[in-house]
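Go ahead and model the full structure; you've got the sequences and the hints to work with.
The lines below spell out each chain.
2 protein chains.
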Amino acid sequence: MPGALLTDLYELNMAASYLRRGMTADATFSLYVRSLPKARGFLVAAGLESCLDLLEDFGFTERDLAYLASIGFDDRAIEDFRGVSFDGDVWAVREGTVVYGEEPILEVTAPIPVAQLVETALLNRVTLHTTIASKAARYVVAAEGRQLVDFAFRRTHGGDAAMAVARDSAIVGFAATSNVEAARRYGLVAAGTMAHAFIEAFPTEEAAFVAFAEDHPERTTFLVDTYDTVNGVKTAIEVARRLGLTERLGVRLDSGDLDHLAREARKLLDDAELTTARIFASGGLDEHEVAELVKAGAPVDAFGVGTQLGVSADAPYVDSVYKLVEYEGRPTMKLSSGKVSAPGRKQVWRPTDGDHADVLGLRDEDTPEGTRPLLHEVMAGGRRVGPSPPLDAMRSVFEDEVAHVPTKARRLQHAEHLDVRTSEALVALTARAHRDALDRAGLDEGPRV
Amino acid sequence: MPGALLTDLYELNMAASYLRRGMTADATFSLYVRSLPKARGFLVAAGLESCLDLLEDFGFTERDLAYLASIGFDDRAIEDFRGVSFDGDVWAVREGTVVYGEEPILEVTAPIPVAQLVETALLNRVTLHTTIASKAARYVVAAEGRQLVDFAFRRTHGGDAAMAVARDSAIVGFAATSNVEAARRYGLVAAGTMAHAFIEAFPTEEAAFVAFAEDHPERTTFLVDTYDTVNGVKTAIEVARRLGLTERLGVRLDSGDLDHLAREARKLLDDAELTTARIFASGGLDEHEVAELVKAGAPVDAFGVGTQLGVSADAPYVDSVYKLVEYEGRPTMKLSSGKVSAPGRKQVWRPTDGDHADVLGLRDEDTPEGTRPLLHEVMAGGRRVGPSPPLDAMRSVFEDEVAHVPTKARRLQHAEHLDVRTSEALVALTARAHRDALDRAGLDEGPRV
Numbered sequence: 001m002p003g004a005l006l007t008d009l010y011e012l013n014m015a016a017s018y019l020r021r022g023m024t025a026d027a028t029f030s031l032y033v034r035s036l037p038k039a040r041g042f043l044v045a046a047g048l049e050s051c052l053d054l055l056e057d058f059g060f061t062e063r064d065l066a067y068l069a070s071i072g073f074d075d076r077a078i079e080d081f082r083g084v085s086f087d088g089d090v091w092a093v094r095e096g097t098v099v100y101g102e103e104p105i106l107e108v109t110a111p112i113p114v115a116q117l118v119e120t121a122l123l124n125r126v127t128l129h130t131t132i133a134s135k136a137a138r139y140v141v142a143a144e145g146r147q148l149v150d151f152a153f154r155r156t157h158g159g160d161a162a163m164a165v166a167r168d169s170a171i172v173g174f175a176a177t178s179n180v181e182a183a184r185r186y187g188l189v190a191a192g193t194m195a196h197a198f199i200e201a202f203p204t205e206e207a208a209f210v211a212f213a214e215d216h217p218e219r220t221t222f223l224v225d226t227y228d229t230v231n232g233v234k235t236a237i238e239v240a241r242r243l244g245l246t247e248r249l250g251v252r253l254d255s256g257d258l259d260h261l262a263r264e265a266r267k268l269l270d271d272a273e274l275t276t277a278r279i280f281a282s283g284g285l286d287e288h289e290v291a292e293l294v295k296a297g298a299p300v301d302a303f304g305v306g307t308q309l310g311v312s313a314d315a316p317y318v319d320s321v322y323k324l325v326e327y328e329g330r331p332t333m334k335l336s337s338g339k340v341s342a343p344g345r346k347q348v349w350r351p352t353d354g355d356h357a358d359v360l361g362l363r364d365e366d367t368p369e370g371t372r373p374l375l376h377e378v379m380a381g382g383r384r385v386g387p388s389p390p391l392d393a394m395r396s397v398f399e400d401e402v403a404h405v406p407t408k409a410r411r412l413q414h415a416e417h418l419d420v421r422t423s424e425a426l427v428a429l430t431a432r433a434h435r436d437a438l439d440r441a442g443l444d445e446g447p448r449v
Numbered sequence: 001m002p003g004a005l006l007t008d009l010y011e012l013n014m015a016a017s018y019l020r021r022g023m024t025a026d027a028t029f030s031l032y033v034r035s036l037p038k039a040r041g042f043l044v045a046a047g048l049e050s051c052l053d054l055l056e057d058f059g060f061t062e063r064d065l066a067y068l069a070s071i072g073f074d075d076r077a078i079e080d081f082r083g084v085s086f087d088g089d090v091w092a093v094r095e096g097t098v099v100y101g102e103e104p105i106l107e108v109t110a111p112i113p114v115a116q117l118v119e120t121a122l123l124n125r126v127t128l129h130t131t132i133a134s135k136a137a138r139y140v141v142a143a144e145g146r147q148l149v150d151f152a153f154r155r156t157h158g159g160d161a162a163m164a165v166a167r168d169s170a171i172v173g174f175a176a177t178s179n180v181e182a183a184r185r186y187g188l189v190a191a192g193t194m195a196h197a198f199i200e201a202f203p204t205e206e207a208a209f210v211a212f213a214e215d216h217p218e219r220t221t222f223l224v225d226t227y228d229t230v231n232g233v234k235t236a237i238e239v240a241r242r243l244g245l246t247e248r249l250g251v252r253l254d255s256g257d258l259d260h261l262a263r264e265a266r267k268l269l270d271d272a273e274l275t276t277a278r279i280f281a282s283g284g285l286d287e288h289e290v291a292e293l294v295k296a297g298a299p300v301d302a303f304g305v306g307t308q309l310g311v312s313a314d315a316p317y318v319d320s321v322y323k324l325v326e327y328e329g330r331p332t333m334k335l336s337s338g339k340v341s342a343p344g345r346k347q348v349w350r351p352t353d354g355d356h357a358d359v360l361g362l363r364d365e366d367t368p369e370g371t372r373p374l375l376h377e378v379m380a381g382g383r384r385v386g387p388s389p390p391l392d393a394m395r396s397v398f399e400d401e402v403a404h405v406p407t408k409a410r411r412l413q414h415a416e417h418l419d420v421r422t423s424e425a426l427v428a429l430t431a432r433a434h435r436d437a438l439d440r441a442g443l444d445e446g447p448r449v
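Line by line, the protein sequences are chains A and B. Residue 304 in my numbering sits at position 304 of the first sequence, and the numbers go up by one each step. Residue 278 in my numbering sits at position 278 of the second sequence, and the numbers go up by one each step.
Please note that the accuracy of each hint is not assured.
One copy or any two copies: either way a pair holds, since identical chains are not told apart in the list.
Said to hold, decoys possible - In the DSBU-like style, the derived pairs of lysine-lysine whose C-alpha atoms are separated by at most 35 Å in a straight line are:
| hint | residue 1 | residue 2 |
| --- | --- | --- |
| 1 | Lys234 | Lys267 |
| 2 | Lys295 | Lys234 |
| 3 | Lys38 | Lys295 |
Everything labelled a hint here was simulated from the structure, so no lab data went into it.
Set out below in structure tokens:
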């Protein structure tokens, strides 16, 4: 599906006007997060591949055009829309890159009608993926190397979101997902055992464990809290002994005081000489609860995390925008109260020593000494510049990046928002564009609120 | 796409065991929200049609089966999965119905393997739609009859969520959506004007307004805050006069002090004898801000609402579960700490006078006097019992329902959670099932934490 109707109506209104008036000069739009959610000290950029997929395929079907005619677009507009495809350029940061407020995640340069038409879909994709990758990264920080598994599917905002959660959590280091379709699509490890209903459907808990072990000898993690957790662990141990299970044995704790229960379970398993049996904890865990269990030394080997990750419950969106920064070679900006945007095609330079602030500047500036650029050309003339990186490569990007995030921005509570420095060239261009914007509005001075 | 892989791996593990063991007796699962988010006094049930679509089509493709074989399901499991389809029964509340904690939204009765397999997808859909419909309903309460338009697409969690937001907000009374694909799919009114970029692409704000009015004579709502709002309103008035626009004229305020600016705009428009021109407000509004503007008497005719609605920002999920309540005619329940579930097929009766608590009971009980049942049979033998209701009918359901929500539950702040009464028959069945569960777990008394 080319999906050109996956947009807001106003994009179509504007594109129709641009096309009718021959306004097809190149425009550059910058997609960035204005400021970070209060609870976030850093974000993890994601969603680029999904954006490039959309752009490669962008266009209207005849069915789309018929619908647009039915809601009032005239013949001229329909004819103009028929010829639309995306043949522009995209610069972007690599997926998995740590980003801060005001730093472009993606910049599109294309004839203004099409650069405008793709706004809604690009924002939607980058916002979803960046929100989720950023939340998942917090679990990775919290888990300090213990395994994490995505269990979010049942509570995500639909199927697209479920796929994004599985993928984006893998980028930041999750070991597996419960989502089978996502495992297939992205080549992830699918993980899962049984639900309480399975236990309840058998005459006894023990019978359920025996049946499961017989049917799935490779996956003998028993859910032990259906009736009573400690009793469930004992039953699991009996069944394991009787069936001679020693490899791949595990128990999953899904309710109650997980710290206490994990210690009891560990002791019972160790006493039974099942020292390699793993303990799996789940049940509505947020990153703070994971961090607490880890810090307390609870003997949990892996965490299954669902809802809180899947909807990024404490910060379910980022303040993402897609702003016109250049048109016909002219830098542009708006002056709206509290929402001023900076003009020009941008670049972000990150100090290689990790100790200093990033520099936000203009794309054609020289790279400042001791820094590296974060934005790269990823699409030219509507085609990808190189092959899509595998998720493993994105994970490497993230691992390199997160290790260099200053502690004050990386911590899970009371994280500070880092400053981004603005290059002199960008400061100068902003001043010039500001004067120009006032002229265009017929104003002598700054805007009133 | 039949979508049988849109599930958690554990559903497949369990289904494989059930099928292998000939455990294909009917199971009933009850889908409900355990308790309401703190900020919600009531929920609006939604997502049923999406669930029925899934169930009508449910099954594995050969490609699905090949993938499952590749991750370890044996020949026997694959053969068993090949024959799976949904031929069960579904009872549900009508979309648009107000529900409270513990009240079933949907109950599935089917052979246990398939009733289990559909868990993840049903939960995902009901959770998304109910979360969004419930949030949208709060805007409707806040707006007190002023128009509302869905602007959420750019910040929803993917395309599925964007479609759900447009649809569910329409069910509770939104007038239009910016989402063009959703407008097409659901027969909604598409709404939208222009973005700041459009203004910036023209030499002057005035030139942009003139061009837009010429190109879209049916949609002359001008975005006036790109540079300076009051100046923008004046420019809009000049353009309207020059072009003789009087019908369908409007201004959109997207930043700043909306109460103050709406009053200034109204005065300028009225002084120019443009008394029918409409004022449209947008810009990250939550339901409390809408309520405040309405209560203050700000002259806003319509509100465009986006992100806060689109992710249900203050409560991005509901605590939805899908619990086995009966298997082989035997009532079931789990005893997990803090997560006890009540057994048996249920019905909810709502007092017709609206003054008393709902009654949660068993499906085969007589309807208590002065009440009406909320759950109806909507699917029998895998087929819909009647035609899908149009969105208008769902909107009527909601309008009737919301008018009877007690004030203490309906208010936007400090809403109380209403109690639901439990029928004597359900109390008795719960006691019986509890004793049975203890027996199955080999316990003498209640579970320990």
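Tested hints:
With identical chains, the CA atoms of Lys234 and Lys267 are at most 35 Å apart within one copy only, with a shortest distance of 11 Å there and 76 Å across copies. In this assembly of identical chains, the alpha carbons of Lys295 and Lys234 lie at most 35 Å apart only when taken from the same copy (27 Å versus 61 Å across copies). For a Cα distance limit of 35 Å, the shortest separation of Lys38 from Lys295 qualifies both inside one copy, at 24 Å, and across copies, at 29 Å.
Violated hints are absent here; each numbered hint is respected by the structure.
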